[in-house]
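Colleague: As a plain string of letters, each chain reads:
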Amino acid sequence: MRKVAILGIGQTPVGEHWNKSMLELAGEAIFGALQDSGVETVDAIFVGNMLSGILEKQEHLGTLIADWVGMRGTEAVKIESACSSGAVAFRNGLIAVASGEIDKALVVGVEKMTDSLPGTTTAALATAADADWEIIHGLSFVGLNALIMQRYMFEYGWKHEDFASFSINAHANGVHNPNARFRAPISKEQYLKAHIIASPISILDSSPIGDGAAAALLVPADRVFSIEGKPKIIIAGSASATDSLAVHDRKDPLWLSAAEISAKKAYNQAGVTPDNIDFFELHDAFSIMAALSLEACGFAERGQGPRLALDDEITIQGRIPVATRGGLKARGHPIGATGMYQIVEVVQQLRGECGETQIAGAKIGMAQNIGGSGATIATHILRVE
Amino acid sequence: MEIARHWRLKKQRYALVGEVCPHCHAKLFPPRDVCPECGGEAKTPYTFSGRGKVYSHTTIYNAPEGFQEFAPYTVALVKLEEGPMVTAQLTDLGDQEVEIGMPVEMVTRRLRTDGDERGLLVYGYKFRPLELYQVAAAD
Ligand SMILES: [Zn+2]
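Sequences listed follow chains W and V, in order.
Quick note on numbering that gives the first Met the number 0: the first sequence kicks off at 0 and runs consecutively.
Quick note on numbering that gives the first Met the number 0: the second sequence kicks off at 0 and runs consecutively.
Because the hints were derived from the structure by calculation, they are not lab data.
Here the structure is a predicted model, which is why all the values come from computation and not from measurement.
Treat the hints with care, as some may be off.
Derived coverage of chain W by chain V (criterion: at least 3 residues anywhere in the stretch with Cβ under 8 Å from a Cβ of chain V; other residues may be distant) [to be verified]: (1) 37 to 46; (2) 77 to 87; (3) 110 to 122; (4) 132 to 138; (5) 246 to 256.
In this text, a Cβ means the ideal position worked out from N, Cα and C, and glycines have one as well.
Excised from the complex, chain V in its bound form (with noise of 0.2 Å):
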């Protein structure tokens, strides 16, 4: 069930939070004790803005166990625009064509099912299209 593990994570899975380096102000996503950029003890919290661009992308066809309810489902890299790159899926696509550059923002989205239908679920980002939501919104 791991319900702890994923507790844990709560602050970066809904919110993006991550670090910044207090040494040489690297930003860092996700957070990790020891800057990778200058060596330095990094703890200090930073949220990120949650707006980045597709780096590259995949459809993924053959899902491994507990995703299989949602393939195919694309995963992008998504260069944050404070620096970082995370790994996620985006989501809300319609009928979009997915292109590397494409500006993207975060969402909150189930992430997958632990289990059966009594299972946890775990919630996380996606990354949504973020011209399509604004132009939807200004309709």
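Okay, chain W solo, but in the shape it has when bound (with noise of 0.2 Å):
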């Protein structure tokens, strides 16, 4: 298998785009990318979608992208993993490129959720779990995290409080990321009070949705030369994972199994342990989330994920920061792009762009994107070569 480098990026900001497309947004995120890497055709385009179908009445989407971007012709696919499709989408150009049928891959996740009603989104996005045995019984996506949530509560002696640092480091990184659908910071006393959605978890514990596209292209590392500025960035681990898609199907319910076996073959292929990370953009989708995905990870004790955050250990000064563009709760959470939008930021992480919130020194990033309810965990190590 051939070494594989990220010779370009490129990112909308995530928000309520209603003067704007899905082609348009996947568009200029391409547009981009290819700029950044002084390209301009492919060989393959992978998209990551979850959506489309359901929201805007429309697959076919890779085909239908190819076109918008003038390259008709050129080989194309959609790729559907629910929250973690932008992830998967990124693993298989991967896979291509490595592999060496292809040379120049062009990953996109591009999501379109703003011209539907809220419940009409929410029940859209309740397929990612299970149709027959949990959305039949009027479960929303925030309720299944909130019965892991709840559940966590009880067997491990937190407060709902305890978790208000992941949403507070969020928001404050976010306030840097012109991107970041939200860019103002949130206090203790604003989460205390924030409004239930599916208790335990309120509005603040919670990503926001949006539309958005983020892009990267793949090629192999070999014909990539690190210059000034623009330090040669490769993929050192790669991996995705599956659990059941129901939660109640689950050996355990608080363990993220797929982030744990996708995180150690990752860790594996990259000669690495937790300690060498310098940051990781983890799956914020709701605060539940990321303390698991810090448990499964190797970061924290089973059980004492919150702790990280209450020592202030995920800031940008702490040992493993997290969310350092916002994160899903404050860059927002375009299902289908939102894997791709972290794969961009760890790029501009090991590039040194990241400003107020550059991490110093950063050399090896890792992304984790997570799938449903923890169903499909897809992680990726960066580094600088």
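Combine the two chains into a complex, taking the hints into account.
Modeller: Structure follows, in structure tokens:
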């Protein structure tokens, strides 16, 4: 297998883009990545997207986007795995280039969500869970995470307020990201007073949806040269794993086994341990997911994820900074695009482009994208070579 | 409308019919063709008692389309006494606070209405507090 590098990146701000279509958003991210890479054509396009069929009544998205960006004729495909569609599409692009079959793979994650009413979006998101055995009982996506959080608090004795620092940290970092959906800090008082959506989860435990697109261009590493201000960034580790779709079918609903499996594989490929990771773009769709992800990836003991947040270990100056560009909580969670935003943000950190939230001397960054409530989890480790 | 889809699940939805694995004797709900415990084929029907305990619960205020008429409502993970866990709504709660570990039993209720007043009514299992019912029945 060939070593693969990320040549260029592009993204649109996450937001309510009422004046832009799904195709325009995808195009902006793609043209950004092509310009950043200095190339005009690619050999294959991988599109990460979950909801275009349900919300935009549009499937066959890979081909549609290829044509939209002026690459009619180029191989293209849409890849769907709920909220992890972005990272799984990225991994498919990586596999294509690593195998030698494709030389230039363009991966774009895109989601258009604000054309629909909130109830419709909530129902569409719920299709990430088990339709016959979870959704028929009125469970929302928030509800699934709430069931996990409620039991977690009971099992390990945490209070709701103990999760506040995850959201406060994400918002504090999002202030400095021009592409973030929310660029205002939040206080502990605001967190404590926030309105409950599905007990114990409040609006300030939850990431906002949004429209957005992010893209990256993958090429064989031996064709890339490090230049001033734009170091060569390679993919040192990549893995994806699954668990049961339904939370009730899991051996331990409080443990993200797919995170553990994919993280361990990625660590082995990269030849690193959690101690070597300089920062971690985790999937903080809900504050409970940030805690579980830190535990399953080896940054905290089982049941002790919130401790890292309480001790300020997740801030830019902490032991393992997370959500350095705002995370899902503040940058926003445009479902199928989210995994690609994480990749783009890791690249920005490794290039030293993050200004106020730059981690000094960052050389190894990790991204983890979670589909459903933990059913598909893809982990990537990027490093400066 | 998905009539056939709901009709196919009537034994599971109305009577909690799952499976018992003939190889490792694991009780399975919902039924599936491959036993997750031993990997063997599992197709022997098994009817669950319908009794269990609340493993976790949440009250949903922002409901998905199709459930907004019920909001707020409580959904739980119920650990059945035979082992498996199921997702279901809690019902007949009255003023009772829901707690983890609370004993519950299965009842049949309307789960949702598809479409307008001429739409399909989907029935299935919900769970109600076991003690509350017994006290009420004794009065
Ligand atoms: Zn078995």
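Colleague: Which numbered hints does this structure break?
Modeller: The structure breaks hints 1 and 2; every other hint is satisfied.
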